[in-house]
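Chain by chain, the residues run as shown.
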Amino acid sequence: MGRTEITAIHPGKRLGWIGRWSSLLEDRALLGVAFVTPALALLVVFIAYPFILGIWLGFTNTVIGRKGEFIGLANYISLLKDALFWKVTYYTFLYTSVAVFFKLILGFALAIVLNREFLGKGFVRAIVLLPWIIPTVLSAICFWWLYDTTFSGITWILMKIGLISHRIDYLGDPTNARICLIIANVWRGIPFFTIGLLAGLQTINPTLYEAASIDGAGGWHRFRHVTLPLIIPLLAVVTTFSTIWTFADFQLIWVITKGGPANATHLYGTLSFQRAIVGGQFGEGAAISVFILPVLVICVMITYKYLRRED
Amino acid sequence: MEEKELLQGENEGISRRDFIKTGLAGAAAVGLAGRPLDALAQKAKEAAPASPPAALEFKPEKDAVLRVLRWSVFVKSDQEFWDKNTKKWEEVTGRKIITEYISWEDVRSKAAMTASVGAGHDIVLGWHDDPHLYPDKLVDVTDLATYLGKKYGGWEPVANKYGISAKTKRWICLPVGAPSMCMNYRISWMKEAGFEKFPDKIPEFIKLCKALKAKGRPTGFTLGKAVGDGNNNWHWWLWSFGGKVVEPDGYTLCLNKKETWDSLDASKEFYETMIPGVAAWLDPHNNKAFLAGEISLTGNGISIYYAAKEKFPDVANDMDHANMPVGPIGKPAELHLFNEAFIFRHCKFQQAAKHYLQFMFEEPQYGPWIDAMRGYVTPSLKDYKKLPVWTADPKHTPFRDTMARMFWNGYAGPIGTASAATMAEYVVVDMFNDVCVGGKTPKAAAAAAQDRAARYYKAPPPKPPKKA
Numbered sequence: 000m001g002r003t004e005i006t007a008i009h010p011g012k013r014l015g016w017i018g019r020w021s022s023l024l025e026d027r028a029l030l031g032v033a034f035v036t037p038a039l040a041l042l043v044v045f046i047a048y049p050f051i052l053g054i055w056l057g058f059t060n061t062v063i064g065r066k067g068e069f070i071g072l073a074n075y076i077s078l079l080k081d082a083l084f085w086k087v088t089y090y091t092f093l094y095t096s097v098a099v100f101f102k103l104i105l106g107f108a109l110a111i112v113l114n115r116e117f118l119g120k121g122f123v124r125a126i127v128l129l130p131w132i133i134p135t136v137l138s139a140i141c142f143w144w145l146y147d148t149t150f151s152g153i154t155w156i157l158m159k160i161g162l163i164s165h166r167i168d169y170l171g172d173p174t175n176a177r178i179c180l181i182i183a184n185v186w187r188g189i190p191f192f193t194i195g196l197l198a199g200l201q202t203i204n205p206t207l208y209e210a211a212s213i214d215g216a217g218g219w220h221r222f223r224h225v226t227l228p229l230i231i232p233l234l235a236v237v238t239t240f241s242t243i244w245t246f247a248d249f250q251l252i253w254v255i256t257k258g259g260p261a262n263a264t265h266l267y268g269t270l271s272f273q274r275a276i277v278g279g280q281f282g283e284g285a286a287i288s289v290f291i292l293p294v295l296v297i298c299v300m301i302t303y304k305y306l307r308r309e310d
Numbered sequence: 000m001e002e003k004e005l006l007q008g009e010n011e012g013i014s015r016r017d018f019i020k021t022g023l024a025g026a027a028a029v030g031l032a033g034r035p036l037d038a039l040a041q042k043a044k045e046a047a048p049a050s051p052p053a054a055l056e057f058k059p060e061k062d063a064v065l066r067v068l069r070w071s072v073f074v075k076s077d078q079e080f081w082d083k084n085t086k087k088w089e090e091v092t093g094r095k096i097i098t099e100y101i102s103w104e105d106v107r108s109k110a111a112m113t114a115s116v117g118a119g120h121d122i123v124l125g126w127h128d129d130p131h132l133y134p135d136k137l138v139d140v141t142d143l144a145t146y147l148g149k150k151y152g153g154w155e156p157v158a159n160k161y162g163i164s165a166k167t168k169r170w171i172c173l174p175v176g177a178p179s180m181c182m183n184y185r186i187s188w189m190k191e192a193g194f195e196k197f198p199d200k201i202p203e204f205i206k207l208c209k210a211l212k213a214k215g216r217p218t219g220f221t222l223g224k225a226v227g228d229g230n231n232n233w234h235w236w237l238w239s240f241g242g243k244v245v246e247p248d249g250y251t252l253c254l255n256k257k258e259t260w261d262s263l264d265a266s267k268e269f270y271e272t273m274i275p276g277v278a279a280w281l282d283p284h285n286n287k288a289f290l291a292g293e294i295s296l297t298g299n300g301i302s303i304y305y306a307a308k309e310k311f312p313d314v315a316n317d318m319d320h321a322n323m324p325v326g327p328i329g330k331p332a333e334l335h336l337f338n339e340a341f342i343f344r345h346c347k348f349q350q351a352a353k354h355y356l357q358f359m360f361e362e363p364q365y366g367p368w369i370d371a372m373r374g375y376v377t378p379s380l381k382d383y384k385k386l387p388v389w390t391a392d393p394k395h396t397p398f399r400d401t402m403a404r405m406f407w408n409g410y411a412g413p414i415g416t417a418s419a420a421t422m423a424e425y426v427v428v429d430m431f432n433d434v435c436v437g438g439k440t441p442k443a444a445a446a447a448a449q450d451r452a453a454r455y456y457k458a459p460p461p462k463p464p465k466k467a
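Quick mapping for you: the protein sequence lines, in order, are chains U and A. Residue numbers are given in numbering that gives the first Met the number 0: position 223 of the first sequence equals residue 222, and the series is strictly consecutive. Residue numbers are given in numbering that gives the first Met the number 0: position 78 of the second sequence equals residue 77, and the series is strictly consecutive.
Keep in mind the hints are simulated off the structure, nothing from the lab. Mixed in with the good hints there might be a few duds.
In silico DMTMM-like links for lysine to aspartate or glutamate, alpha-carbon gap of 20 Å or less [what the hints assert, rightly or not]:
| # | chain 1 | residue 1 | chain 2 | residue 2 |
| --- | --- | --- | --- | --- |
| 1 | A | Lys-457 | U | Asp-81 |
| 2 | A | Lys-347 | A | Asp-142 |
| 3 | A | Lys-95 | A | Asp-62 |
| 4 | A | Lys-457 | U | Asp-168 |
| 5 | A | Lys-385 | A | Glu-362 |
| 6 | A | Lys-75 | A | Glu-56 |
| 7 | A | Lys-287 | U | Asp-168 |
| 8 | A | Lys-136 | U | Asp-168 |
| 9 | A | Lys-256 | A | Glu-271 |
| 10 | A | Lys-212 | A | Asp-199 |
| 11 | U | Lys-80 | A | Asp-450 |
| 12 | A | Lys-257 | A | Glu-246 |
| 13 | A | Lys-442 | A | Glu-293 |
| 14 | A | Lys-442 | U | Asp-81 |
| 15 | A | Lys-61 | A | Glu-79 |
| 16 | A | Lys-212 | A | Glu-191 |
| 17 | A | Lys-166 | A | Asp-199 |
| 18 | U | Lys-66 | A | Asp-135 |
| 19 | A | Lys-439 | U | Glu-116 |
| 20 | A | Lys-212 | U | Glu-68 |
| 21 | A | Lys-457 | A | Glu-246 |
| 22 | U | Lys-86 | A | Asp-450 |
| 23 | A | Lys-87 | A | Glu-362 |
| 24 | A | Lys-287 | A | Asp-313 |
| 25 | A | Lys-168 | A | Asp-135 |
| 26 | A | Lys-200 | A | Glu-89 |
| 27 | A | Lys-384 | A | Glu-362 |
| 28 | A | Lys-267 | U | Asp-168 |
| 29 | A | Lys-196 | A | Asp-392 |
| 30 | A | Lys-196 | A | Glu-99 |
| 31 | U | Lys-159 | A | Glu-293 |
| 32 | A | Lys-206 | A | Glu-271 |
| 33 | A | Lys-75 | A | Asp-62 |
| 34 | A | Lys-214 | A | Glu-271 |
Partner residues are not named here, just some residues of chain U that face chain A (Cβ under 10 Å, in silico) [as the list claims (entries may be wrong)]:
| # | residue |
| --- | --- |
| 35 | Asp-26 |
| 36 | Ala-28 |
| 37 | Val-62 |
| 38 | Trp-143 |
| 39 | Ser-164 |
| 40 | Asp-168 |
Only a predicted model underlies this, so the values are computations on that prediction, with no experimental measurement involved. Glycine included, C-beta positions come from ideal geometry on N, C-alpha and C.
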C-alpha cells in the first residue's frame with residue numbers, strides 16, 4: 000500500500016536515502032518488527048532470562064558466592080522429603096483458596112451494590128479502591144499492629160465494650176495467625192474484584208434487565224440468568240489474576256510474621272526467600288519457586304482461554 | 000578450632016612468619032607523614048614502648064573512590080560520627096568514599112549479590128557468617144588485623160573466630176563489634192518480687208521470672224522469627240544448658256541429646272512467665288512492650304534504655320541491665336549480633352580500602368564513634384573497653400563485657416554456609432517454639448530440629464584412597 004502511494008507521489012523519480020528509509024518504514028512487516036523489538040528485548044532481559052535462570056538454579060547446588068554444579072533433581076527430591084516443605088505447601092494452598100474465595104464473594108457483592116444509584120456513589124467508589132492503592136508494606140505494617148497481642152486496637156475496643164476479658168493472641172497461635180493473615184489478604188484484595196467486576200457490570204445493556212423484568216424475572220433470576228452469564232468471562236480472568244498474586248504472595252507474610260509462629264504461615268514465596276537469600280541456598284530456594292509454576296501455568300491457561308473468548 | 004584454644008588465644012591463625020613479615024614492613028615504613036595515622040602510631044609507641052605495633056604503610060591509590068555498604072543506624076549519632084570520620088579520611092587522603100546505608104537485615108543479600116557478581120561495593124560491614132560464605136572473594140587483611148590487635152590490647156577471643164577463615168587460617172575481615180544483648184529489667188518490680196540483685200544463675204533467674212509473673216508483671220522474650228532477639232535469646236538458653244547443634248568437626252550433629260532436652264524442659268517453665276504473643280514477636284515488639292510497662296524483663300540491646308531516656312524518663316530511671324545469667328554449663332554462653340568489615344577482591348583500590356579501615360579503627364575515630372552510640376556496639380578490640388562510655392553511666396557497663404561472654408553462630412562447628420543456613424531457617428528458635436507453643440515433647444522437637452539442621456551440615460566426601 001505505502002509503496003504504491005510513494006510511487007504515486009513521486010512518479011518516475013529515483014528515491015533518495017530519505018525516501019528509501021521512509022519506504023522501509025512503510026513496510027508493514029518491517030515496521031511491525033521494529034515496534035515489537037524493544038518490548039521483546041525488555042521481556043527477554045527482565046522476564047525470560049531471570050525466569051530461565053531461576054529454573055536452571057533449581058537444578059544446581061548453587062550457594063551464595065560459589066558457582067553451583069548441576070545436580071539434577073536432587074533439590075526437588077530433598078524438598079519432597081522435607082516435612083517443613085509439606086507444611087508450607089499445605090498453607091500456600093489453604094491461603095490461596097480461602098482468600099481468593101472470600102475476595103471473590105465479597106468483591107462481587109460490593110460491585111453489585113456499587114453498581115446501583117445512590118448518593119455519593121463516586122466518592123464511595125473511590126474509597127473502595129484505597130486498600131488496593133496503599134502499598135502492601137504499609138497495609139501490612141498496619142495489620143502488624145492491629146494483630147499485636149499487647150497493643151492491638153481491636154483488642155482494646157473489644158475489652159472496652161466488655162466482649163472479652165483476656166488479650167487475643169492473634170499471631171502467636173498457629174491457627175489464629177493463619178486466619179489473621181488470610182483476613183489481611185482478603186481486605187487488600189477485595190477492591191481488585193470490586194472495581195474489575197464493576198466495570199464489567201456497567202457494560203451490561205440495561206434493556207436486558209428490562210426485558211427480563213417484563214418476563215417476570217425477580218432480582219435473583221435477573222442476577223442468575225442475565226448478570227452471571229455475561230460477567231463470567233471477566234470473573235474468570237479476575238479470579239485467575241488474583242489467584243496468581245495470592246499464590247505468589249510475599250510482602251504481607253514477611254512483614255507480619257516472617258512465616259512464624261513455628262513456620263505455620265510460610266508460603267512458597269517466603270520460604271524460597273528465606274532459604275535462598277537469607278540462608279544463601281540459591282539452588283534450593285529456586286527449586287521452591289519452581290513449585291509455584293504449575294499453578295501459575297493453569298491460571299495463565301484459564302485466562303488465555305477466556306481472553307480469547309472475549310475477542 | 001578447640002574452644003579452650005579459642006578462649007585462650009588471640010591472633011590465632013597468624014604464623015610467626017606473618018609477624019616477622021609485618022614487622023619488617025613496619026620497620027621499613029616511613030609512616031604516613033603529616034597524616035593523623037602517623038601521629039596515632041607515635042602515640043601508641045609512647046603508650047606501649049615495650050611492644051610497639053608493627054606500623055603499616057598503605058598507600059591509597061590515586062583517584063581512589065570507595066563504595067561502602069553498611070547497616071543503617073540504630074542510633075542517630077552513629078551515622079553522624081561515622082560520616083564525620085569518613086569525611087576526615089577524605090580530607091586527609093584526598094580520596095573519596097561513597098557510603099550507602101541500608102536496613103541491617105538487607106546487608107546480607109546485597110553483599111551476597113556483590114560477591115556473586117564480582118562487582119559493586121568495595122567494603123561491606125556485614126553480619127555473622129557473611130565473610131565466611133565467600134572467603135575466597137575477600138582481601139586478606141591479616142596485616143591490618145595483626146597491627147590493630149597488637150596496638151589495642153588484642154582481639155576478643157570470639158573476634159578471632161569471626162575474623163579468621165577456617166579454611167585459609169587468614170584474616171578475611173575486621174571484627175567491628177557486637178550490637179549485643181543484656182537483660183533489661185525494672186528495678187522496683189524486681190525488688191517487689193523479693194530480689195535485691197539481678198540473679199546471675201539460671202535457676203535463680205527462673206525464680207525471679209516466676210515471682211514477677213506472680214506479681215502480675217510478666218516477662219517477655221521474643222520467640223518469633225526475630226533475626227536478632229529471637230536467635231540471641233534461644234541460642235543463649237540452649238548453650239547455657241550445654242546443648243549445641245553441631246560438634247567442632249562441622250558435620251556431626253548433636254542437637255538431639257540430653258542437654259538439649261533439659262534446656263527445652265526448662266524453657267517451658269520460662270515461657271509460662273511470659274506475656275501472651277511472644278511466639279510471634281519480631282525484633283521491635285519487646286522494646287515497645289517494655290517501654291509501655293507491659294513487661295518487667297526482656298533480653299535486648301541498649302536501645303530500650305536509649306529510647307526511654309529520650310521519651311520515658313521514669314522507665315529509664317527505674318530500669319537497669321545485667322548480663323545474661325549462666326546456666327548449668329557453668330560459664331557464660333551468649334550469642335549476639337556480630338559485625339565485620341570486609342574488602343572485596345574486585346576492589347580496584349585495595350590499598351585505599353585498607354587505609355580507610357585502619358583509619359576508622361584507630362582510637363581518634365573509633366573511640367568517639369563507639370562513645371556516640373552510647374554502648375550499642377561492644378568493641379572487639381580489648382583496649383576499647385576502657386572508653387568512657389562504659390563507665391559514664393553504670394547502666395552501660397554490662398554491655399562492655401558481652402563480647403567476652405559470647406560464642407559464635409554455629410558453635411561448636413565452624414562459621415560458614417551451614418551455620419548461616421541453619422540460623423536463617425530459625426532451627427533453634429523453632430525448636431523452642433515447638434515445645435513452648437506447639438506442645439511437642441522435648442525429644443520430638445529436638446529430633447525434628449536435628450533433621451532440619453542435617454539438611455545443611457553434611458559430612459565431607461570421603462577422600463580417595465592413596466595409591467600405594
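Verification of the hints:
1. For the suggested pair Lys-457 (chain A) and Asp-81 (chain U), the alpha carbons sit about 16 Å apart, so the restraint of at most 20 Å is met.
2. Between Lys-347 (chain A) and Asp-142 (chain A) the CA atoms are separated by roughly 19 Å; this keeps the pair inside 20 Å, and the hint holds.
3. The suggested pairing of Lys-95 (chain A) with Asp-62 (chain A) holds, with an alpha-carbon distance near 8 Å, which does not exceed 20 Å.
4. Simply put, Lys-457 (chain A) and Asp-168 (chain U) have alpha-carbon atoms about 38 Å apart, too far for the 20 Å limit, and the pair is violated.
5. For a cut-off of 20 Å, the pair hint linking Lys-385 (chain A) to Glu-362 (chain A) stands: about 11 Å separates their Cα positions.
6. Distance check on the hinted pair: Lys-75 (chain A) and Glu-56 (chain A) sit about 33 Å apart at the alpha-carbon level, beyond 20 Å; violated.
7. Taking the CA atoms of Lys-287 (chain A) and Asp-168 (chain U), the gap is about 17 Å. The hint holds against a cut of 20 Å.
8. The suggested pairing of Lys-136 (chain A) with Asp-168 (chain U) is violated, with an alpha-carbon distance near 46 Å, which exceeds 20 Å.
9. Between the alpha carbons of Lys-256 (chain A) and Glu-271 (chain A) the distance comes to roughly 24 Å, so the proposed pair goes past 20 Å and is violated.
10. Restraint check: the Cα-Cα separation between Lys-212 (chain A) and Asp-199 (chain A) comes to about 19 Å, which is no more than 20 Å; the hinted pair holds.
11. Among the hinted pairs, Lys-80 (chain U) with Asp-450 (chain A) is consistent with the structure: their alpha-carbon atoms are about 11 Å apart, no more than 20 Å.
12. Proposed proximity of Lys-257 (chain A) and Glu-246 (chain A) is supported: the alpha carbons are some 15 Å apart, at most 20 Å.
13. Straight-line distance between C-alpha atoms of Lys-442 (chain A) and Glu-293 (chain A) comes to about 33 Å, which puts the hinted pair past the 20 Å bound.
14. A C-alpha spacing of about 19 Å is found between Lys-442 (chain A) and Asp-81 (chain U), which places the hinted pair at or below 20 Å, so the restraint holds.
15. At most 20 Å may separate the alpha-carbon atoms for a hinted pair to count; Lys-61 (chain A) and Glu-79 (chain A) exceed this at roughly 27 Å.
16. Among the hinted pairs, Lys-212 (chain A) with Glu-191 (chain A) is consistent with the structure: their alpha-carbon atoms are about 11 Å apart, no more than 20 Å.
17. Between Lys-166 (chain A) and Asp-199 (chain A) the alpha-carbon distance is near 37 Å, which puts this suggested pair outside the 20 Å criterion.
18. In summary, the hint linking Lys-66 (chain U) to Asp-135 (chain A) is supported, as the alpha carbons are separated by about 12 Å, within the 20 Å threshold.
19. Our distance criterion of 20 Å between C-alpha atoms is broken by Lys-439 (chain A) and Glu-116 (chain U), whose separation comes to about 57 Å.
20. The hinted pair formed by Lys-212 (chain A) and Glu-68 (chain U) fails the criterion: a straight-line CA distance of about 54 Å is larger than 20 Å.
21. Between Lys-457 (chain A) and Glu-246 (chain A) the alpha-carbon distance is near 12 Å, which keeps this suggested pair within the 20 Å criterion.
22. With a CA separation close to 15 Å, the supplied pair Lys-86 (chain U) and Asp-450 (chain A) stays within the 20 Å bound.
23. Between the alpha carbons of Lys-87 (chain A) and Glu-362 (chain A) the distance comes to roughly 14 Å, so the proposed pair stays at or under 20 Å and holds.
24. Between Lys-287 (chain A) and Asp-313 (chain A) the CA atoms are separated by roughly 15 Å; this keeps the pair inside 20 Å, and the hint holds.
25. For a cut-off of 20 Å, the pair hint linking Lys-168 (chain A) to Asp-135 (chain A) stands: about 12 Å separates their Cα positions.
26. A distance of roughly 49 Å separates the Cα atoms of Lys-200 (chain A) and Glu-89 (chain A); the hinted pair therefore is violated under the 20 Å criterion.
27. Between the alpha carbons of Lys-384 (chain A) and Glu-362 (chain A) the distance comes to roughly 12 Å, so the proposed pair stays at or under 20 Å and holds.
28. For the given pair, Lys-267 (chain A) sits about 18 Å from Asp-168 (chain U) by alpha-carbon distance, which is consistent with the 20 Å threshold.
29. As the CA atoms of Lys-196 (chain A) and Asp-392 (chain A) are separated by approximately 18 Å, the hinted pair is consistent with the 20 Å bound.
30. With a C-alpha separation of about 44 Å, the suggested pair Lys-196 (chain A) and Glu-99 (chain A) falls outside the 20 Å cut-off, and the hint is violated.
31. At roughly 18 Å between alpha-carbon atoms, Lys-159 (chain U) and Glu-293 (chain A) fall within 20 Å of each other, so this suggested pair holds.
32. Straight-line distance between C-alpha atoms of Lys-206 (chain A) and Glu-271 (chain A) comes to about 12 Å, which keeps the hinted pair within the 20 Å bound.
33. The suggested pairing of Lys-75 (chain A) with Asp-62 (chain A) is violated, with an alpha-carbon distance near 31 Å, which exceeds 20 Å.
34. Our distance criterion of 20 Å between C-alpha atoms is met by Lys-214 (chain A) and Glu-271 (chain A), whose separation comes to about 14 Å.
35. Taking 10 Å as the C-beta contact cut-off toward chain A, the hint placing Asp-26 (chain U) at the interface is violated, the least distance being around 41 Å.
36. Contact between Ala-28 (chain U) and chain A, as hinted, is not supported at the beta carbon level, the nearest pair being about 39 Å apart and thus beyond 10 Å.
37. For the restraint placing Val-62 (chain U) at the interface with chain A, the shortest Cβ-Cβ distance is roughly 5 Å, inside the 10 Å limit, so the hint holds.
38. Taken as an interface hint, Trp-143 (chain U) checks out: its beta carbon lies about 8 Å from the nearest beta carbon of chain A, inside 10 Å.
39. With 10 Å as the threshold, the beta carbon of Ser-164 (chain U) stays out of range of chain A, its nearest partner Cβ sitting at about 13 Å, so the hint is violated.
40. Taking 10 Å as the C-beta contact cut-off toward chain A, the hint placing Asp-168 (chain U) at the interface holds, the least distance being around 5 Å.
The structure fails to meet hints 4, 6, 8, 9, 13, 15, 17, 19, 20, 26, 30, 33, 35, 36 and 39 from the earlier list, while all remaining hints are met.
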